[in-house]
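**Student:** Chains as they are written, first to last, in our numbering: chain A, 1 to 316; chain B, 317 to 599; chain C, 600 to 850; chain D, 851 to 1308.
Check each hint, because a few of them may be wrong.
[Said to hold, decoys possible] Ranges between beta-carbon positions, derived for each pair:
1) B/V381 x C/T745: 43 to 51 Å
2) B/T368 x A/T280: 19 to 27 Å
3) A/I78 x C/R748: 38 to 46 Å
4) B/T495 x A/Y177: 50 to 58 Å
5) D/K960 x A/A19: 41 to 49 Å
6) A/Y177 x C/E767: 45 to 53 Å
7) C/T657 x B/M377: 43 to 51 Å
[What the hints assert, rightly or not] DSSO-like, lysine-lysine: derived pairs with alpha carbons at most 27 Å apart:
8) A/K23 x D/K1016
9) D/K1308 x A/K131
10) D/K1295 x A/K131
11) D/K1305 x A/K129
If you are wondering where the hints come from, they were derived from the structure by calculation, not from laboratory data. We put the beta carbon where it would ideally sit given N, CA and C, even for glycine.
The lines below spell out each chain.
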Amino acid sequence: MRRSFLPIILVIAGLAILAILPKVLTSYYVGLLVTVLIFGIFALSLDLLLGHCGLPSLGHAASFGTAAYVAGFLSLKIANNAPVNFAAALFAGGAVAAIFGLLALRTRGIYFLMITLALSQVLWGLAFKWKSATGGDDGMPGIPRPNLSMLGLDLTPVNSYYYFTLALFVLVCILMYILIRSPFGHSLRGIRESESRMLALGYNVWAHQYVAFIIAGLFAALAGILYVYYNNMVSPKDLHLITSAKVLLMVILGGTGTFLGPILGATLIVLLENIVSGFTERWLLILGIIYVLVIMLAPKGLLGPLRGRLRRWIPM
Amino acid sequence: MNFWILQSLNGLSYGMLLFLLAAGLSLSFGLMNIVNLAHGSYFLVGAYVGLTVMERTGNFMAAVVVGAISVGILGLLMQRLLLRRLTDHLAQVLLTIGFLFILGDLSLVIWGGVPQIIPKPPLFEGPIRIMESVFPSYRLLVIGVGIVVAIFLWWLQDRTAMGANVRAAVDDEEMAGSTGINVALLMTVVFGLGAAMAALGGVVGGAFLTIFPGQDMDVLLLALVVVIIGGLGSLKGAFVAALLVGLLDNFGKALFPELALFTIFAPMAIILAIRPTGLFGRA
Amino acid sequence: MDSNVAPLHVENVSKNFGGLQALLGVNLTLQEGERRAIIGPNGAGKTTFFHLISGVLTPSSGHIHLFGQEVTSKPPYRRAALGLARTFQINNLFPNLSVLDNIVLSVQALEKTKFSMFKPMTSYRHVYLRAEELMEQWGLADKGNTTVRNLSYGDQRELEVVMALAQEPKLLLLDEPTGGLSPAETATVTAMLSQLPRHITVLLIEHDMDVAFTMADRVTVFYMGEVLAEGTPQEVRENPKVQEIYLGSPI
Amino acid sequence: MDKRIGVIGSIVLMIALLVSCGPGATPAPTPTKAPVAAPTAAPKAAEATPTAAPAAKPTTAPASQPTPAAKAPTTPIKIGILTTLTGVFAAPGADLRDGFLLYLAEKGNKLAGREVQVIVEDDEVKPDVGLTKAKKLVERDGVNLVLGVISSGVALSAGPYLAQNKKVFLITNAGADDLTQKAANPYIFRNSFANSTGGMVAADWGYKQKGWRTAVILGSDYAAGWEWTGGFARVFTDLGGKIIQELYPPLGNPDPAPFVSQLQKADVTYVFQAGADALSFVPAYAQYGVKARPQPLIGNYGITDLSILPKQGEAALGVLQGGPFAEGLDTPANKALTKAFKDKYNRDATIFTEPAYTAGRMIEKALEAVKGNIEDTDAFVKALETVEIPDAPRGAVKFDKLHNIVSPFYVSEVQRVGGQVNNMAIATYPNTTQFFKWTPEEWLKMTPLSEMKGKWVK
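When you get a sec, could you build the whole thing from the sequences and use the hints?
**Tutor:** The following block contains the structure:
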């Protein structure tokens, strides 16, 4: 196993650029970057399922949105106690994944897609209808950012929140990197390639998938928590099929099973969504065309053609 | 007593509409193994085309026929040119979500954002008396249309050569191909038929449910609930589930309006937990 | 020998799919170290039988014991843990992974560390050493970095067997190991199989009668879901019912 | 293969281009530390004397007098329109936008001598998208003022942000009572209406003029539905009337059947329905035989607004509404607006057009008072508070202490006039405030109407 120093240099350079960006960008663009990082985490978590396990969840927004609602509800209605709220929201997002995993992992293929979709839409319906707890369609606005005063951190200004998000983003990347290189990560890819062979080899396939489903749910929950505090609000949209599909598009646009792919996909889609809509009313049409073009012309994603070369750096 | 009769009729007519909407979706799932999230768009576009025809000609039959045929052709083309090439379900999902956006936005450009309603045929404009109560005659027409379409589909599937070929192709595509059935063409036709039925539902529904931007998503979710409860690919399942959902939704709203949506989501979740393949789906 | 400690003891096993009776009242016991071949025409239920033993399918009735343990409705991975390994009739590999990674995953299956999430795979040196040793032993050493889907069919077929061997099995099920191979490749694989140490019990399905009869100590014939005959190659060859099925075929 | 690379390349290029033309030359104000303690409490205190001249509310007010003397910048004034252009409220959103653009066009794109640059953003009727777009308008485009907003949910999420950043937010539709009551803020104005007022006018008129004593109320199950029907119920019961049934269909419920078919007999049905829900409700009311009982239908002014009225057919004739406007209003300004809008956009002006159009006049008048210097926000807020338009299309309008509109309210009826159906005013309630017949203190002490759902039937 030869090691090249190039990737390490690139990562350090990338981090340096990310660290400097707030100094040169206006607050609006720093805000966009925060969104990019959050969706980067979200997309990475989905890629753990899609790219590494071969499980195409159409309901990944369930963990994201549930955590967002729990964090929002606690901060707004109970107390702005960051550690407790973070833990509770992470737990809720993971619990949703644990329950959904039990139901969905009994099935494969088209049924898996439909069940994950249906289950997450049930949660969406709950958020939409249970007005007294969730605010219904209007969501819950006015959620304060976490107060980490005991650490001397005020996360209210967008720049501080950016660094906070960046730190967690880097943490997620490191954890994900360790995970996909571990024996567990290797097993997941084996399962993606052939479940029946893994079973015959003696792997408890279900347990691997279930654990991965929960881990992915936890990372998605983290993204949801960061999102609700960044926006200061949460709404049923965060649980909707369209959100799940958007993250899927991010992963596929970038390239599944690659490390940079989901992050690249998240970057492009977030920028497109926020910037194109300022130029034309017809941005939904453009977004639709992008979905079609990506699927028909670049089904392996932007990094797909480069995958062979990237493999040397990143286990895939 | 009166309440129950009236609300049952409401639920039945709504359920029949759901059947028109969901039958095609169930077929494309179960027979062709295609996940089509643009199915709600067929309903919406069909309704809008029907509206335009109705405004030009004033003939409700013409609106139904033109709406169904034009959307049927749209479905044919989408299946033939794009969906057929995608074997991966996930790719189908994202492609059809793209079309959900595209067709929705194009409809907004062409027909504007104002909610629309298709004028009813004059014969069915008014109310009729049923025992003590008053009921819109048009909703009885909807029940009739639903029954006719269900019988037609059953006949098509069980009593015609085309239906036999479809069943053969689903059981064993290679075998069917080797006996001279043009499987690819057959699938395209069935897909187009499913799209046309959704459009038929759009025109019929457009006369009492209105047509508005965003309806594509609303009806898509309803259709998915019906298909999941009924079981992918089962016409019988789609029929039973559509009536079930129609009645549940109607009684749910009438009795517990706060729980609207839940009265249909909860049965779906329970069925998924107990029988992931739906009431009549194949394992 | 007491059948309770036999590597494989199948007792009156039946399997039906809907209305179709795939297997009916099959009994079969293997002695330790035995080489047993299963032959029979297409549709006789041979592969179904393998699926029942390895746990892909559960019998409709009857019992299966591995090394004296009842495993009738145990999941496949539990049976693998008892020392069962199998190959597949149609190549069942990890096509987008390298040959090395395929074998590493097989070796790792024995390890308790397969759920470990915190240390990189590459830090488990002994797993790689074992994998490299296997590649060396079975002539795949120069192909370690090749992606499996780019391997020749013959090499893939060989890898099927190597992956099963990497599990260090006590009982090995081989589903047509030479299926689709050229005569030369068949010879290679046959040679490979005959080198297997005698403490491994082998059950193989074979279409190639030459391979079956040279490899096996005993032969079982399946026909229409039932055991038609069982015995030494010589006995089976001379069985009139078997000859009837294989009418005209040189047995 | 190369086709794919081409597509990928062009997507990347497109995005790169979009990003690079992003930041623009004007560095947006960076709210390094948003003032959390916006002076939200102030207005309530100032409310003690409702008839007195506007008191100075914003804490920074004293400095505002001399500033207009300083020359106003010559750069364009940037105005953001936050509205809905996709989804179920796309049509109202476009009417709102075009109402304001029409006024600007009439003024040659100049207000108080300064060029006006308008940036339109689509909130998709989603509160979080609305907030994101508000941030974009402020932080990227550097707008001086934001107007519009169809949905109260969006207004409630974007409002606090805009106020924190000291941007004037002029709401031209969203009617949630809270916006100018509990959530009132020195920087938030509303020139449309508060939800409950229309219902209160309808109840007062019906009880006194029509002699209605029993009523059924039916409202979409969200804040606006509770507040419109609640306004009706509060005044109706206060006068001595009785509510005998309350029904709340979900919002976005195009099939009114389960509800219409269980309406009980009463002197009147009061309804809040909007958009597609209203379009299907009015015909269903006739087809289920309720209209013929006879049981008159009165509702919010959206149940038969002009964009859907012609499609509701005969069933709509005779339907009554209470609201701050009626399309058939016979004022010179309304006739001029109706004609100009039709000429420019080739469609009818609707109830969503008038407030946005009048917003143009109100902003212009306030700008003239500060000599175009909108950058002095507090002076501009003060000027806007005192703006009075005696001849807006709907009549004389001004703001109350909590920055909600004071305007005439109308009871109108769907009539056929010269072969066309329209909403014709049949009674006028001049100078109506959001507190109707109560004082602000009395009103604010009562339970908010959004919490009264389900409590009217005794």
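**Student:** Give a verdict on every hint.
**Tutor:** Verification of the supplied hints:
1. B/V381 x C/T745: 43 to 51 Å: violated, 60 Å
2. B/T368 x A/T280: 19 to 27 Å: holds, 25 Å
3. A/I78 x C/R748: 38 to 46 Å: Since the Cβ atoms of A/I78 and C/R748 sit about 54 Å apart, the hinted range of 38 to 46 Å is violated.
4. B/T495 x A/Y177: 50 to 58 Å: holds, 54 Å
5. D/K960 x A/A19: 41 to 49 Å: holds, 45 Å
6. A/Y177 x C/E767: 45 to 53 Å: violated, 31 Å
7. C/T657 x B/M377: 43 to 51 Å: violated, 56 Å
8. A/K23 x D/K1016: holds, 24 Å
9. D/K1308 x A/K131: At roughly 24 Å apart (the allowed maximum being 27 Å), A/K131 and D/K1308 satisfy the hint.
10. D/K1295 x A/K131: holds, 24 Å
11. D/K1305 x A/K129: holds, 20 Å
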